[in-house]
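So the chains spell out like this:
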Amino acid sequence: DTEVTQTPKHLVMGMTNKKSLKCEQHMGHRAMYWYKQKAKKPPELMFVYSYEKLSINESVPSRFSPECPNSSLLNLHLHALQPEDSALYLCASSHTGPTPDTQYFGPGTRLTVL
Amino acid sequence: KNEVEQSPQNLTAQEGEFITINCSYSVGISALHWLQQHPGGGIVSLFMLSSGKKKHGRLIATINIQEKHSSLHITASHPRDSAVYICAAGGGATNKLIFGTGTLLAVQP
Numbered sequence: 001d002t003e004v005t006q007t008p009k010h011l012v013m014g015m016t017n018k019k020s021l022k023c024e025q026h027m028g029h030r031a032m033y034w035y036k037q038k039a040k041k042p043p044e045l046m047f048v049y050s051y052e053k054l055s056i057n058e059s060v061p062s063r064f065s066p067e068c069p070n071s072s073l074l075n076l077h078l079h080a081l082q083p084e085d086s087a088l089y090l091c092a093s094s095h096t097g098p099t100p101d102t103q104y105f106g107p108g109t110r111l112t113v114l
Numbered sequence: 001k002n003e004v005e006q007s008p009q010n011l012t013a014q015e016g017e018f019i020t021i022n023c024s025y026s027v028g029i030s031a032l033h034w035l036q037q038h039p040g041g042g043i044v045s046l047f048m049l050s051s052g053k054k055k056h057g058r059l060i061a062t063i064n065i066q067e068k069h070s071s072l073h074i075t076a077s078h079p080r081d082s083a084v085y086i087c088a089a090g091g092g093a094t095n096k097l098i099f100g101t102g103t104l105l106a107v108q109p
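Chains as they are written, first to last, in my numbering: chain C, 1 to 114; chain G, 1 to 109.
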């Protein structure tokens with residue numbers, strides 16, 4: 001199984017809502033990533049988890065709150081978002097360690113903030 | 001100046017043509033990744049390479065570590081190859097990727 005799944009596929013939320021994005025993989029990967037991608041732009045790294053611990057936070061606003069409850073699951077909790085946060089949110093996973101590894105990407109959640 | 005630069009930004013080709021996309025990077029890397037993204041779709045990893053050349057079907061990726069340059073070639077291009085191709089410099093224990101700006105390829109029948 002080389003699949004990363006993400007739910008939901010689409011999400012529309014108001015600026016006062018609280019919602020969560022979910023990502024799951026069963027490849028035994030111990031590194032998981034959240035990316036934000038705006039239209040016609042490359043992905044921007046938001047967070048990296050390594051062995052279920054947050055290892056990189058790319059100065060992301062606190063209205064985005066990541067969580068890694070176990071080695072297969074990665075959540076992104078959303079609260080009080082702004083319309084400019086509308087984007088495609090991609091999750092990825094890979095092995096960790098001294099040798100480089102391929103990142104496997106999920107299909108993304110397309111988020112619209114009204 | 002971006003740490004990872006791609007050229008061209010846009011490329012239109014006729015079916016059957018040989019296509020080359022270039023990537024230059026200024027950072028130290030563990031590996032150079034080539035990724036493909038279809039419109040509205042997720043990202044698929046095509047290659048990860050740290051030296052030499054790799055081939056998969058009609059796709060070939062090369063890297064010159066000394067010159068910090070990589071190329072992605074598509075032979076006998078087909079309309080289904082139409083997508084955005086992104087190169088990314090990878091490094092560190094967390095496998096962090098630094099992305100290029102992408103090349104939008106359109107292959108016309």
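Do not take every clue at face value.
What the hints assert, rightly or not - Subject to a maximum C-alpha distance of 25 Å in a straight line, what follows is the list of computed DSS-like cross-link-like pairs (lysine-lysine):
no., chain 1, residue 1, chain 2, residue 2
1, C, K41, G, K96
2, C, K9, C, K22
3, C, K18, C, K38
4, G, K68, G, K55
5, G, K53, G, K68
6, C, K41, G, K68
7, C, K22, G, K96
8, C, K53, C, K40
9, C, K38, G, K96
10, G, K96, C, K40
11, C, K53, G, K96
FYI, nobody ran anything at the bench for these hints, they're computed from the structure.
**Prompt:** Would the pair K22 of chain C and K96 of chain G pass a check requiring their Cα atoms to be no farther apart than 25 Å?
**Reply:** 21 Å, holds
**Prompt:** K68 of chain G and K55 of chain G: Cα distance at most 25 Å?
**Reply:** Between K68 of chain G and K55 of chain G the Cα gap is close to 19 Å, so the pair holds against 25 Å.
**Request:** Would you check the hint for K53 of chain C and K96 of chain G, treating anything up to 25 Å between C-alpha atoms as holding?
**Result:** 15 Å, holds
**Asked** Given the hinted pair K41 of chain C and K96 of chain G, is their alpha-carbon gap at most 25 Å?
**Response** Holds, at roughly 18 Å.
**Request:** For the pair supplied as a hint, K96 of chain G and K40 of chain C, confirm whether the alpha-carbon distance does not exceed 25 Å.
**Result:** 21 Å, holds
**Prompt:** Has the given pair, K18 of chain C with K38 of chain C, been kept, meaning a C-alpha gap of at most 25 Å?
**Reply:** Holds. K18 of chain C to K38 of chain C sits at ~21 Å (cutoff 25 Å).
**Request:** Take the C-alpha atoms of K53 of chain G and K68 of chain G, compute the straight-line distance between them, and say whether it is at most 25 Å.
**Result:** It holds: about 14 Å lies between the C-alpha atoms, which stays within 25 Å.
**Asked** Taking only the CA atoms, is the gap from K53 of chain C to K40 of chain C under or equal to 25 Å?
**Response** Given pair K53 of chain C, K40 of chain C is violated - Cα atoms ~31 Å apart, limit 25 Å.
**Asked** Is K9 of chain C within 25 Å of K22 of chain C, Cα to Cα?
**Response** Given that 25 Å is the threshold and the Cα spacing comes to 10 Å, the pair holds.
**Prompt:** Given the hint that K38 of chain C pairs with K96 of chain G, does the C-alpha gap stay at or below 25 Å?
**Reply:** 19 Å, holds
**Prompt:** Quick one, are K41 of chain C and K68 of chain G close enough, alpha carbons at most 25 Å?
**Reply:** With a Cα-Cα distance of about 23 Å, the restraint between K41 of chain C and K68 of chain G holds, given a limit of 25 Å.
Of the numbered hints stated above, the single one contradicted by the structure is hint 8.
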